[in-house]
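2 protein chains.
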Amino acid sequence: MKMIDVLLGRRLANREQGEQKIGWAAGVPAMGLDGLGSSSYGPEAALTILIPLGAISLAWIGWVIAPIVALLVILYFSYRQTILAYPSNGGAYTVAKENLGPMASLLAAAALMIDYVLNVAVGISAGVGALTSSVPSLQPWTLELCLGILVVVAAANLRGTREAGWLFALPTYLFLASFLGLIAWGVFQIISTAGHPPPLVAPPPLKPAAEAVSLWLLMRAFAAGCTAMTGVEAVSNGVGAFREPVVKEAHWTLTVICAALGLLLAGIATVAHFYGLGAMDQTQPGYQSVLSQLVGAIAGRGVVYYVAMGSVLTILCLSANTSFVGFPRICRLVALDDYLPRAFAVADRRLVFSVGVTFLTITAGCLLVVFGGITDHLIPLFAIGAFLTFTVSQVGMVVHWRRRGGRNTARLAINAVGAATTIVGLLVIAAAKFMEGAWIVIVAVPATIAVLLAIRRYYDRLGRDLSPASGFTLEDVDRPTVLVAYDERNRMTDRAISFALTLSPDVVAVHLLRLTSPEQEEDLAARRDAFERDIAGPVAARGLVPPRLVQIPAPYREIEGPVLDLVERIDEATPGRAVAILIPELALDRWWERLLHSRRAQRLRAALVAHGGTRLMVITAPWQRGL
Amino acid sequence: MKMIDVLLGRRLANREQGEQKIGWAAGVPAMGLDGLGSSSYGPEAALTILIPLGAISLAWIGWVIAPIVALLVILYFSYRQTILAYPSNGGAYTVAKENLGPMASLLAAAALMIDYVLNVAVGISAGVGALTSSVPSLQPWTLELCLGILVVVAAANLRGTREAGWLFALPTYLFLASFLGLIAWGVFQIISTAGHPPPLVAPPPLKPAAEAVSLWLLMRAFAAGCTAMTGVEAVSNGVGAFREPVVKEAHWTLTVICAALGLLLAGIATVAHFYGLGAMDQTQPGYQSVLSQLVGAIAGRGVVYYVAMGSVLTILCLSANTSFVGFPRICRLVALDDYLPRAFAVADRRLVFSVGVTFLTITAGCLLVVFGGITDHLIPLFAIGAFLTFTVSQVGMVVHWRRRGGRNTARLAINAVGAATTIVGLLVIAAAKFMEGAWIVIVAVPATIAVLLAIRRYYDRLGRDLSPASGFTLEDVDRPTVLVAYDERNRMTDRAISFALTLSPDVVAVHLLRLTSPEQEEDLAARRDAFERDIAGPVAARGLVPPRLVQIPAPYREIEGPVLDLVERIDEATPGRAVAILIPELALDRWWERLLHSRRAQRLRAALVAHGGTRLMVITAPWQRGL
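Sequence order for the protein chains is A and B. Straight run, no breaks: the first sequence in UniProt numbering ends on number 627. Straight run, no breaks: the second sequence in UniProt numbering ends on number 627.
No lab work stands behind these hints: they were computed from the structure. Note that the coordinates shown come from a computational prediction; the quantities given were computed from them, not determined experimentally. All C-beta atoms, glycine included, are put in the ideal place defined by N, C-alpha and C. Treat each hint with caution, since some may be false.
Which residues of chain A face chain B? A partial, calculated answer using Cβ under 8 Å [unchecked claim]:
1) Phe188
2) Glu521
3) Ile535
4) Pro538
Coverage of chain A stretches by chain B, computed from C-beta distances (three or more under 8 Å per stretch; other residues unrestricted) [said to hold, decoys possible]:
5) 332-345
6) 396-407
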């Protein structure tokens, strides 16, 4: 069993494509980690904006979370329709391309790609940040921990979606079970105590209000809370990963994710309101997150607390996985339209689009290294990317239903409401967060689109250059002049000259003189004589045209220049005839053998291919030892 | 001007070889830094062993340094003779090879190579150590400083010996001028005060004796002091770098280095004796090196102190340069005898043996990283390697003069004395330092020799495999079957098929089916029709045998396997006939274009070369845009 099989699993045939598909139970962890994980920082972000209101913030938290949940419901129904209308891989990119044209689709693609990269870096660093604030002794290893988790997640994804999906299922369902259970118990307590539940561990008292309520403050809180909605689009981007019946499995996945997320958001707001939980300043000592206060208030600091908080840490770390599912898929779609290098569209031995996985790993790794593993302040940028995607997708769906016409008025209305609300959301977020980082997205998105367009232009130009002007016209069929790289006679050169003689009667052995020294003149004559005696003689005796030996100096030790000069001279002497250069090459069986051979044959070949001109062929005659 | 020209200088032609050679004034810094720099730690190492004697050590330091200086004189005369006898590159390796046989030469080579690598790591780390003990705020950057200096030294050497030599001349001559001047002034003070010079800065008082004098203690002090002699062999190894008259320039270089080193050793011992300088424990606070005490005692703590100590730091750091001159040369010699990969013997565009320089940089860099930039305790290992080299070289010279016979008795005697003394020195050092690290050398030297022998065996076997069994026998000259990798018709494939038809009438276009989907069957038929109409038709119309199209499935997406299967089938159908595979390849002009193309053509080619068997040729038909 080869090393690569152990690490990445056996290779999979094309016909196994279907077997790698997933159902809804595996789809929730594979595509929902990002969306569900963001419930841990969305409400907290909203409450943080409300800190200046002090205890009054409890009265307003409902007014901030309610529109977010309403937006989530609208998005849920909108995306159900998208999945139905585009049951193949149909995220914002496809929807925008088919309904709004290429520029809108590139806008969606750029927003998505940036979002996915940010998500990996931020998800992992937020998880590790939460971990190190629980276990401060791990603090010095922050970056190492981040990169280690990145590598594990990337490796799992290189094995393929199905196995990676199940690897993440346990913490996801543990998180859902513990928090939905806790919230249910909390709500029961609230009802049974008529709105005055006794907290097991009392949350820190809220400070007196320092500011009056203003619309701007509530808008900013709403914008901050909207980070809870990032990741909802993942299912529509990943529909292609589901097994038959695709639409049903995808709908179920979306339903579970949105329902759980909505319950979590509404539940957290409710419990916060009645138990009196507020956000705390993270830079102050004694800081406790809202979720930590929530678990402590409802369940105390026992086993349940550590299990629940552990599941939060885990799914934050693993929420990066959503990107590893989505990023390669969107890149593949974009690459199939020639906006990205074609390698992004090639399935590897495990049917994974490994170039996309690798690219994502490297970019996210660079972000982590540059920020030293602390990238929390990139979190706000998410919401912008996500809402940009939502908006493009919804507007595309509106156009889709309009074109279809007929009995789709209700569907059109749903997506129109979705589009209108996400546009409003986008504007609010962009306004509220411009200085906090929205400007970065405003730079990065057009830059990404410019790169995508440049790549497309390159392929378009190449396609034009390659397309035949007219029918196939056979050029000259004269046999070519064959040059054979020749140093001294051995089995390898014997075979090379035999091969050359099968191709053409016009064979020239080229001997490159690499060093100049006094004794070389005699040496040269001796070599010429040996060639006449050993090679040319026997060939002539068979009644064939004997090969000639040409000795050319290589004053700068590099061999490409002199060979190219010779090719040019031959080209001028026999215009219209092709020149072939035959290079004998030792076939190396083992990797370490490469260390023992200069790559001269390969370098010469590469230089000839790059600069050889129109009528040149480069022939490699591999020689295997023992054959 | 290209970037590489700015960084490394313009390329040099073979005929410029002579111009890159150096004279003695440049030779002293280029080859003497190691030897001269070791005067800063040799006497200190000897005095450190004598610390238990307290003030009594001053009475004995002369008895330890005197035999070292005597040994140096013997080595000087011995190496003069070696240079005379071997005026081409003739270090211990050549001398041993010619006189003692291959195993002795490999012993010398292994000892030298290990020594050179150690010297780089230890020299740089010792220099940086001295620097950071003067400027403690640099302490946290120890490793970074070490690696930075390594890169600068390596880059200077990649530009070539001459320029690198002059870069190092200033600190070398500054060091010599300041210390020889200081010692002269100190000796003058000693004489003028009849042996009781008043120190400007009094050295710390010596402790009372804790131990009695013993022969073992003096032997250990001698062994420690012998580190001062490392690097003396560098000139004999580097004779080839000198300009004409080679022997004279080399002799002058050796004379300057040995005379300066001898004066420094004797002078330091004399000044230490009369001024009462002793070694201090480096692990204790307030530590001052012997040289620091010496400069302070003679010149006080003024400008002279800082200039002199600065020059010590600099030449310690730069003593690594000796290795960069010597290591590539010894590797080249060993590689010419097939004990190292041949790339070590290839002069690059600047006529430098850059593989050796690079290898040295990487190994020394690894040592530095592994030891975190603190490799001082490797210093003792030097002396073993150096004395091993001395001994092999001297014994070889004795055999040399015996073989020459005649009037060489005096010369034989000199080298015999040299051999005897270095053997004694080697045994003393090995015994005194076995536990301190000599055992590492005893492991590393045979291991290195084993690797060198394995490489030689590989090349010998390859040479036997390649050597023709008999005269050139022309195999079948039937024109080969030519397969052309064919995806869809474009200018590139048009040209490829034209080329193929010039080589053989038997042309087969091979179309690899990468994906399986329902609509593909029709697609395949359409492609076959298009091929018949567009390619085969026009060729047949010219009266030639039309090419065929073969469509083969590639269920695992990799293309090598199916193509190799096809080759095998053709091979069986037409035994004795060669098969050529023609792969059209896009010639890429700019580096970034590679990112936009999968390396399919190159990967296929590499796989065919590696596994293609006996009768296969791989033809690349490069296609350049716009041509």
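So, going through the hints one by one against the coordinates:
{"no.": "1", "hint": "Phe188", "in the structure": "violated, 54 Å"}
{"no.": "2", "hint": "Glu521", "in the structure": "violated, 15 Å"}
{"no.": "3", "hint": "Ile535", "in the structure": "holds, 5 Å"}
{"no.": "4", "hint": "Pro538", "in the structure": "holds, 5 Å"}
{"no.": "5", "hint": "332-345", "in the structure": "holds (count 3)"}
{"no.": "6", "hint": "396-407", "in the structure": "violated (count 0)"}
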